[in-house]
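Protein chains in written order, with my numbering: chain A, 1338 to 1654; chain B, 22 to 306; chain C, 112 to 467.
For the record, the hints were derived by calculation from the structure and aren't laboratory data. Some hints here could point you the wrong way.
Stretches of chain B that chain A covers, calculated by requiring three or more beta carbons in the stretch to come under 8 Å of a beta carbon on chain A [to be verified]: (1) 54–67; (2) 106–112; (3) 147–156; (4) 195–205.
Just the calculated beta-carbon pair ranges, DEER-fashion [what the hints assert, rightly or not]: (5) 131(B) <-> 1457(A): 54 to 62 Å; (6) 1457(A) <-> 417(C): 16 to 24 Å; (7) 226(C) <-> 1384(A): 39 to 47 Å; (8) 1453(A) <-> 181(C): 20 to 28 Å; (9) 1502(A) <-> 141(B): 37 to 45 Å; (10) 215(C) <-> 132(B): 48 to 56 Å; (11) 1572(A) <-> 240(C): 18 to 26 Å; (12) 220(B) <-> 1407(A): 41 to 49 Å; (13) 1461(A) <-> 179(C): 47 to 55 Å.
In the DSS-like style, the derived pairs of lysine-lysine whose C-alpha atoms are separated by at most 30 Å in a straight line are [unchecked claim]: (14) 1645(A) <-> 1546(A); (15) 224(B) <-> 1645(A); (16) 1546(A) <-> 322(C).
Idealized CB from N, CA, C, for every residue including glycine.
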Amino acid sequence: MVYWCRERVERMAGLLGGRIAEVANRDSTFRVILVAPLQLLLWFLLIVPTLIVLYLSVVNWQPIMGVDWWQAPLAWVGNYARVVRDVRFWEAMARTLGVVVAAVGLEFLLGLGLALLLRGEFLGKRFFTSVILYPMMLPWVVVGLVFFLLFLDRGPVNYIIGLTFGPDAPFDWYGHPLSALGVIVLADVWQWTPFMFLILYSGLGALPKEPQEAAMTLGASPWQIFRYVMLPMLRPIIYVAVVIRALEAFKIFDLVFIITRGGPGTSTESISLYIYRLSAIYGQLSYAAAMAVLILVMVAVLTRYAVKPMEQQQVPQ
Amino acid sequence: MRGLLPLVRWVAAVAVAAVVLMPVVWAVSISFKPPAEWAAHPPRLVPEEPTLANYQVLFQVGNPVGVVAEMTRTAEPVTRAFITSLIVAPLATAASVAIGFFAAYAVSRYQVGGPMLPFLALTTRMFPPVAFAVPLLVYYRMLGLIDTRLGLALMYTGFTVAFPLWMIKGFIDSVPRHVEEAAILDGASRWRVLFTITLPLVKGGVAAALLFVFILNWTEFLFALIFTSRHAITLPVQVSYYAGAVGRFYGPQAALGIVASLPVVIAGYVIQRHLVRGFTFGLVK
Amino acid sequence: MATIALRRLVKRFGSTVAVDDVSLDIPHGKLVCLLGPSGCGKTTTLRMIAGLEQPTSGEILFDGAPVSNVPPQRRGIGMVFQNYALFTHMTTYDNLAFGLRIRGEPRETVDGEVRRMAEVLELTAVLDHPAARLDLSTMQRVALGRTLITRPRVLLLDEPLNNIRPGLREMLRAELRRLQLDLNQTAVYVTHDQEEALSLADQVIIMARGKVEQIGSPDGVYRRPRNRFVAAFVGSPTMNFLPCEVTSRDGEPHLAGPGFVIPAGRRPDLGPRGRLIVLGIRPEGVRLGEGPVSAVVMLIQPAGADQIIELAVGDHRLRALIRPSLRLTIGQQVALDFPSDELHLFDAATGEALDG
Chain A
1338 MVYWCRERVE RMAGLLGGRI AEVANRDSTF RVILVAPLQL LLWFLLIVPT
1388 LIVLYLSVVN WQPIMGVDWW QAPLAWVGNY ARVVRDVRFW EAMARTLGVV
1438 VAAVGLEFLL GLGLALLLRG EFLGKRFFTS VILYPMMLPW VVVGLVFFLL
1488 FLDRGPVNYI IGLTFGPDAP FDWYGHPLSA LGVIVLADVW QWTPFMFLIL
1538 YSGLGALPKE PQEAAMTLGA SPWQIFRYVM LPMLRPIIYV AVVIRALEAF
1588 KIFDLVFIIT RGGPGTSTES ISLYIYRLSA IYGQLSYAAA MAVLILVMVA
1638 VLTRYAVKPM EQQQVPQ
Chain B
22 MRGLLPLVRW VAAVAVAAVV LMPVVWAVSI SFKPPAEWAA HPPRLVPEEP
72 TLANYQVLFQ VGNPVGVVAE MTRTAEPVTR AFITSLIVAP LATAASVAIG
122 FFAAYAVSRY QVGGPMLPFL ALTTRMFPPV AFAVPLLVYY RMLGLIDTRL
172 GLALMYTGFT VAFPLWMIKG FIDSVPRHVE EAAILDGASR WRVLFTITLP
222 LVKGGVAAAL LFVFILNWTE FLFALIFTSR HAITLPVQVS YYAGAVGRFY
272 GPQAALGIVA SLPVVIAGYV IQRHLVRGFT FGLVK
Chain C
112 MATIALRRLV KRFGSTVAVD DVSLDIPHGK LVCLLGPSGC GKTTTLRMIA
162 GLEQPTSGEI LFDGAPVSNV PPQRRGIGMV FQNYALFTHM TTYDNLAFGL
212 RIRGEPRETV DGEVRRMAEV LELTAVLDHP AARLDLSTMQ RVALGRTLIT
262 RPRVLLLDEP LNNIRPGLRE MLRAELRRLQ LDLNQTAVYV THDQEEALSL
312 ADQVIIMARG KVEQIGSPDG VYRRPRNRFV AAFVGSPTMN FLPCEVTSRD
362 GEPHLAGPGF VIPAGRRPDL GPRGRLIVLG IRPEGVRLGE GPVSAVVMLI
412 QPAGADQIIE LAVGDHRLRA LIRPSLRLTI GQQVALDFPS DELHLFDAAT
462 GEALDG
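Assemble the whole structure, with the sequences as input and the hints as a guide.
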């Protein structure tokens, strides 16, 4: 009896297992199972939060109000109107864009210069490539900490400045908004120039040689070859690298948080840091949500424009 | 001129390598210095009296020398944050790459989810993460996921999955379909084909994605800062506590920076050949 | 005037010798073909003339003056590359205008020249098209026009017709030749296609393994190949080779091959009896019908105006090109004759031709 039962249960389990395997193997099911985790994840972390942030931005809700967030009173565009009139927001925005332009610009120029200079073989190239890679691996907060230590009052940078320009030259780097932002930009440049270098370097290497040689035989100088042949052919790669880097730099938070905490005052606050403070510290979630929505729209629009020339270059043959 | 170029090139390479190495060398140097040398003038690269005290203090209960007592967050040993990072980063990395791999296969072979799905995944990387943090704060509080390792790992999985998806998709696109079709004609199930035929053929991409996503997860700061407070803080958050503490204690700060960086640097050197591709998001072949 | 001279030119890449002691003269207004199999050093030679490669040793003279220290930009050369190397990010117009704009010519001059060149090469209709979207033969003409517009002293062409389909290739070849003759342009043309070289060149330079094997007129290299390599490389179908021994019969020099003895004709340099030589005869030189050589028909391949017959002579195979009217069957026994004025004789050991 017991034996019979077991056999039967096993048979059923086998059938069931076989049935599951069969269903899972069916083409349509197979495809669905493959993407289901990704779609769940995107719903959970991207789509629902986006809906919530839209909702939060048109109501007035703070955790300390004592009501649940779905019972909060409507504010319509009140939060947005506040953002538009918020000087601290616009200053943070301008500052962040300034940092993006300065950092990405420097990274592009340095990366391109290095890529041009280091074409071809030289002694220790392998060592060099592995050295230049590692800043990208370090945690941003650690990079921030390292640069913070470098630019201390009695740190090595000030010491070298003192040696070169006399004892009065050393500078209170964190006491002034511009110099403090400068340290932040430098840290970003230090960490991410290698990225530009790598992409531009391999992009240059992948350019066909013949058009350059053809330009040479047509009488073009090295500069003209670079300007009229190599640079235009490299343009799609430059676009990709600059857009990726600009989007990343616009997020800047860690470096500011570690190096200056936005100070002195709020004079080095980035947009991410401001929204972080509004939401996680001040608890003004609805206001932060309106700001977040504005940022989402702005980035989406800017990226759309940035990507357009790229698409035009890739018209079908 | 032609003879001079290699020399110029070499000098430039050495200069760049020096600029890249110096800041970290300086931090390493400070981490081995006793308090008296932290801000000594003139600064010295090699500590006069090298000490391990800065590292020891990280793992002890109580504030490091020079820290004002009320900064209780620096009084906790970093062991807990270290363990959290060691759990969350690998867990989220494995999940992200696995989900990315499956989805990459489905998108590459069947265009499941439509042509926009990969781009939708990419939007998680396009916008400042703080914009998503605002609604997630509300949401996570409701679900009780705040200050949990699971909640953090879930977030990390979602916000990195775009990379394995795109990187591995590029590899799968280049695997000819007929290789898989031959195996299916031989009677292998689709799952078997996926794991025994396709996966080994794209393992370079999987390795690059693993490394890259691990580094992202290990170094992530903003989400960890917002969504954890006591139980699930990670190493970067601990670094920020140290960096933000009142008082001078550069030695332990530097030491913690080194400790927080070591795992990624080691991981990077172990799979060095996948590094370039990983860091350039697969743009560089 | 534009003449080029190469003096003992050598190019090494690491341990491999790409060009090995090449000397030659290219007279003004002539089209010279560098012909050889791939890897024979012909393209490297061309690139050294252009200045894109530096010779390891030896000298290149333009109009008698050494140009080793002259960069490609100032050599007055124009080069057409194998894959055209068009500036794919520009239009046809901008490609044609590139060389003149680089020289800082005024806008009207550039425009006039570009339109004239477009007229000559029938490119007017595609002037505004992006170069990346032209078809291959148009690309070829743009590449040629872009080069000619700068009025180079020397035109260098690196397998320019390689990617063009047969038929069109012959047309473009003729057009190229007409243009070169009209302009009285010195030109060096690299190709691996012997038929192209023979039909195009004033002078053919045959290269193998970095060395010059023979220099001569198309007719000369075809009729009087200097060695076995040239004999085998030039002409299609390939020349037949049979091992022979010098003998004499009735006091006259004869050649004893596998199963036959034929008169060697008047050849003072034949050497002593018993000397081993290689007899070469082109498929079109083999006479079928009667003669001292007996052979078996192995294979019959119709080839349009002719048919190619594969024959077995002893253990050796040879091919004959004959009229299609001759009906043969596989396995049939036939008699062959090798007329003595169709014979090419080579030393068996060195492969050098015996000068008749």
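Within the assertion that chain A covers the segment 106–112 of chain B, do at least three residues meet a Cβ-to-Cβ distance smaller than 8 Å? It is violated, with 0 qualifying residues against the three required.
Do residue 1572(A) and residue 240(C) keep their Cβ atoms within the hinted range of 18 to 26 Å? holds (20 Å)
Regarding the pair residue 224(B) and residue 1645(A), is the alpha-carbon distance no greater than 30 Å? The hint is violated at about 33 Å.
If you check the beta carbons of residue 1457(A) and residue 417(C), does the distance land in 16 to 24 Å? violated (54 Å)
Closer than 8 Å, Cβ to Cβ, for at least three residues: run that test on the segment 147–156 of chain B against chain A and report holds or violated. holds (count 10)
Looking only at beta-carbon atoms, does the pair residue 131(B), residue 1457(A) fall within the given range of 54 to 62 Å? violated (44 Å)
Is 39 to 47 Å a correct range for the gap between the Cβ atoms of residue 226(C) and residue 1384(A)? violated (58 Å)
For a C-alpha distance cap of 30 Å, please report whether residue 1546(A) and residue 322(C) respect it. holds (27 Å)
How about the segment 195–205 of chain B: do at least three of its residues have a C-beta closer than 8 Å to a C-beta of chain A? Check failed, 0 qualifying residues.
Could you check the hint for me, namely that residue 1502(A) and residue 141(B) are 37 to 45 Å apart, CB to CB? violated (54 Å)
Do the beta carbons of residue 1453(A) and residue 181(C) sit within 20 to 28 Å of each other? Given about 24 Å between the Cβ atoms, the range holds.
Check the hint pairing residue 1645(A) with residue 1546(A) against an upper bound of 30 Å on the C-alpha distance. holds (28 Å)
Checked against the numbered hints above, the structure breaks hints 2, 4, 5, 6, 7, 9, 13 and 15 and satisfies the rest.
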